[in-house]
Amino acid sequence: MIADYMRSHILSLESYTSARDEFSGYAEVYLDANENWKDFSLSGKNRYPDPHASELRRKIEEVMGFRVENTVLGNGSDELIDMLIRIFAEPGKDCVLIERPTYGEYKVFAEINGVEVINVPLTDSLELDVDAIKSSIDEKSPKIVFICSPNNPTGRSYDIDVIREIADYNPSLTVIDEAYADFDPSFVSAYTLLKDNERVAVLRTFSKYWALAASRIGILIASPVVIKAVNKIKAPYNVSLSAQRDGLEALGNADGRKAVLEEILGEKKRLEGEFGRFSFVEKIYRSDANFLLIKVSDADALYLYLMKKGIIVRNRSREPLLSNTLRITIGSKEENDKLLEAFDEREKSTVS
Numbered sequence: 005m006i007a008d009y010m011r012s013h014i015l016s017l018e019s020y021t022s023a024r025d026e027f028s029g030y031a032e033v034y035l036d037a038n039e040n041w042k043d044f045s046l047s048g049k050n051r052y053p054d055p056h057a058s059e060l061r062r063k064i065e066e067v068m069g070f071r072v073e074n075t076v077l078g079n080g081s082d083e084l085i086d087m088l089i090r091i092f093a094e095p096g097k098d099c100v101l102i103e104r105p106t107y108g109e110y111k112v113f114a115e116i117n118g119v120e121v122i123n124v125p126l127t128d129s130l131e132l133d134v135d136a137i138k139s140s141i142d143e144k145s146p147k148i149v150f151i152c153s154p155n156n157p158t159g160r161s162y163d164i165d166v167i168r169e170i171a172d173y174n175p176s177l178t179v180i181d182e183a184y185a186d187f188d189p190s191f192v193s194a195y196t197l198l199k200d201n202e203r204v205a206v207l208r209t210f211s212k213y214w215a216l217a218a219s220r221i222g223i224l225i226a227s228p229v230v231i232k233a234v235n236k237i238k239a240p241y242n243v244s245l246s247a248q249r250d251g252l253e254a255l256g257n258a259d260g261r262k263a264v265l266e267e268i269l270g271e272k273k274r275l276e277g278e279f280g281r282f283s284f285v286e287k288i289y290r291s292d293a294n295f296l297l298i299k300v301s302d303a304d305a306l307y308l309y310l311m312k313k314g315i316i317v318r319n320r321s322r323e324p325l326l327s328n329t330l331r332i333t334i335g336s337k338e339e340n341d342k343l344l345e346a347f348d349e350r351e352k353s354t355v356s
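Note that the sequence shown covers residues 5 to 356 in my numbering.
A couple of the hints might just be wrong.
Calculated cross-link-like contacts (lysine-lysine; reagent style DSSO-like; alpha-carbon spacing at most 27 Å) [as the list claims (entries may be wrong)]:
(1) Lys312 - Lys352
(2) Lys236 - Lys97
(3) Lys199 - Lys63
(4) Lys337 - Lys313
(5) Lys313 - Lys342
(6) Lys232 - Lys63
(7) Lys236 - Lys111
(8) Lys313 - Lys287
(9) Lys212 - Lys262
Derived CB-CB ranges, DEER-like [said to hold, decoys possible]:
(10) Ala305 - Ser28: 27 to 33 Å
(11) Glu169 - Gly118: 29 to 35 Å
(12) Gly118 - Lys312: 40 to 46 Å
(13) Arg318 - Ala239: 29 to 35 Å
(14) Glu120 - Leu269: 38 to 44 Å
(15) Glu120 - Glu253: 37 to 43 Å
(16) Glu253 - Arg318: 25 to 31 Å
(17) Leu269 - Ala239: 34 to 40 Å
Hint data in this document are derived by calculation from the structure and do not stem from the laboratory. In this text, a Cβ means the ideal position worked out from N, Cα and C, and glycines have one as well.
Please work from the sequences and hints to get the whole structure.
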């Protein structure tokens, strides 16, 4: 059972019960939470928000299909990553496993919590090295295996059968971070694995496709046992009233997001074609996300050149297997035009 891999004191922890845990619904008079009775904002901000974001989670089930009993929300996915590490991994004793290059926060939060990080490099083709991952699971017994799909910064989605093979082999928790899944029309979510494997957990976010990066709303989809443990240790009101309202508004305008998605995918295809004509662009990596990773002749110089032009990209050259690479988010047509104009000017300066 997945509970066997949790820290024992978490299982026996008696969590804090807030006033809004003891009562939900509507009342005429609220005298239970020591709030200021005066609503200066005239929008309910004098009251604490629903600690479980129940209305938003019901809307998530309606729009995304993730069942309410399998979800808990965080102040961004980062908070959820941190909580999972605290639930499963004992500081100074346990480890987690990642596959670099990948999202850097798995490593950062593990190290903040005093948990060792086992790194299994991706293959030269930037795929998961399944045999090496299995060997590390056998040798190191990580409490969590993190898989980012589509991966950041490579943009690569991993085959669901490969993810299933790893999750089935791993006796502890396998977390699949699907932050960029909505940008891959053919993506198959690891949520489909959860019905047969309680050791699978999935992360989603409102920051990318749903365009709510400032609102900080992350979604954990997992077995009820894991959800219960997260609810035990999370802050009582970790998702603000404003954020919950933002999420509801976004989900209520799903068609608008789909229209913008088509624009993003069209612009990504255009940039892929345009990048190929520049002599300093050596490789365009396959991407299933809303960004492109490119290998260039001198990433540091190009990064500084673009920065002087007022264009900010990410230099990923320090990551293993990614020397001289830049990660470029797909912007609006106007933003992309400015980027291509800067590339044209760079091309002329290097040729002459």
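Each hint tested on the structure:
no.	hint	in the structure
1	Lys312 - Lys352	17 Å, holds
2	Lys236 - Lys97	22 Å, holds
3	Lys199 - Lys63	21 Å, holds
4	Lys337 - Lys313	17 Å, holds
5	Lys313 - Lys342	9 Å, holds
6	Lys232 - Lys63	20 Å, holds
7	Lys236 - Lys111	24 Å, holds
8	Lys313 - Lys287	23 Å, holds
9	Lys212 - Lys262	13 Å, holds
10	Ala305 - Ser28: 27 to 33 Å	58 Å, violated
11	Glu169 - Gly118: 29 to 35 Å	31 Å, holds
12	Gly118 - Lys312: 40 to 46 Å	41 Å, holds
13	Arg318 - Ala239: 29 to 35 Å	30 Å, holds
14	Glu120 - Leu269: 38 to 44 Å	39 Å, holds
15	Glu120 - Glu253: 37 to 43 Å	42 Å, holds
16	Glu253 - Arg318: 25 to 31 Å	29 Å, holds
17	Leu269 - Ala239: 34 to 40 Å	37 Å, holds
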